[in-house]
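Colleague: Just so you know, the protein sequences line up as chains A and B, in that order.
Position 159, counted from 1, in the first sequence is what my numbering calls 478; the numbers after and before it change by one each time, with no gaps.
Position 200, counted from 1, in the second sequence is what my numbering calls 184; the numbers after and before it change by one each time, with no gaps.
Simulated from the structure, these hints should not be mistaken for laboratory data.
Glycine is no exception: its CB is placed at the ideal position from the N, C-alpha and C atoms.
There may be inaccurate statements among the hints.
[Unchecked claim] Chain A regions said to be covered by chain B (calculated; three or more residues, Cβ under 8 Å):
hint: 1; segment: 339 to 350
hint: 2; segment: 370 to 381
hint: 3; segment: 441 to 453
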Amino acid sequence: MSKFAKKKDGEVPAVSTASLPDIVFMLLFFFMTVTVMKDSSLKVENVLPNASEVKKLEKKDRVIYIYVGKPTREYEKTFGTEPKIQLNDKFASPSEVGDYILMERAKKPQEIQNVLTTALKVDKNASMGLISDIKQELRKVNALKVNYTTYEGDAFNNLQ
Amino acid sequence: MARRAGAPEVSAGSMADIAFLLLIFFLVTTTIETDAGLDRMLPPMEPPTEAPPIIKQKNIFTVNINRNGQLLVEDEILSIDKLREKAMAFLDNGGAPSGSPDYCSYCKGKRNAESSDNPTKAIISLKNDRETKYSTYITVQNELVGAYNDLRNREAKRLFGKDYVDMEAEYLNPETEDSVKEELKEKVTRIQGLFPQKLSEAETSSE
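If we strip away everything but chain A, and leave its shape as in the complex, we get (with noise of 0.2 Å):
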């Protein structure tokens, strides 16, 4: 023992590591703070148009997304290049929507109910059909305020 004792002399001190929990804390807090939950992965192509009069989509909890677009490449071989509706992480067609609307409407509390907001997430290359054709469904169901995500941009690009 007297050994080891007598070598203690001289060393570099130890670096305090009664830090290291504040460091590992910090991460944990940035982490959690940045994190968006990510409750359903994209399988359809999903570039938004540009619009500039574009209004903020406040209280994520009271939007219920709908994703239309063509679907990617692993997913091209089973459904084709024609664009697809995908809710939540399944593709659909469009006499679904207005039953997933539904679902997903008792799901929430029972006071937001009359004033949630759809999002239709389209990709720019869709065509109207199928969003008229979402368009009744949602009718249908009486979820009447819609909202067109869209980039913040000049609109005019879209048309190139």
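Since the structure of chain A is already known, use the hints to place chain B on it.
Modeller: Relative to the frame of chain A, chain B by itself:
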């Protein structure tokens, strides 16, 4: 093990302070991205028996988009960048003669008797083809909403010295205090009353 005798100890006591400083910095500067887009209301499903209300032809501004993204506005071909101007001229026309109940006192348009009577009567009717590209549709929607916003801004500037768009954004912001909100609500509703957004979308033609 190589040792340097007498190397000074690095103080680690302030490490926690640095860490907290960083943490607070990121907390303050990071914003979670929110989506933005064009808000629209769909018309409710009307009972099939009800007869549609009769609207004077001159109070309707028709916009047709064909499958190639070309516009037919009031039976004339129009390029898309002129649409906002034309829609504003229509909404702001105020064609009703002074003295009539529909007379529009705040309109600055041409007061053409052949065009809309009053902004509260004016309806924009949008029709598109099934093959129309979504991006074209959004551009047209954007221009039409823009026309309303421009006119509302003008009136809001005149009455309250503030842009309508800013007032509305502040009103919808959840961080705004309730007392401010109450006051804004009144103003926003008043402006909306002057230029109500009457944008009707006909069912898509399949041809």
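Colleague: Now tell me if each hint is right for this structure.
Modeller: The hints, checked one at a time:
1. Check result for the segment 339 to 350 of chain A against chain B: holds, 6 residues qualifying (beta carbon to beta carbon below 8 Å, three or more required).
2. Given as covered by chain B, the segment 370 to 381 of chain A passes the check, having 10 residues with a CB less than 8 Å from a CB of that chain where 3 are the minimum.
3. Note: the segment 441 to 453 of chain A has 10 residues with beta-carbon separation from chain B under 8 Å; the three-residue rule is met and the coverage holds.
In the structure shown, no violation is registered for any of the earlier numbered hints.
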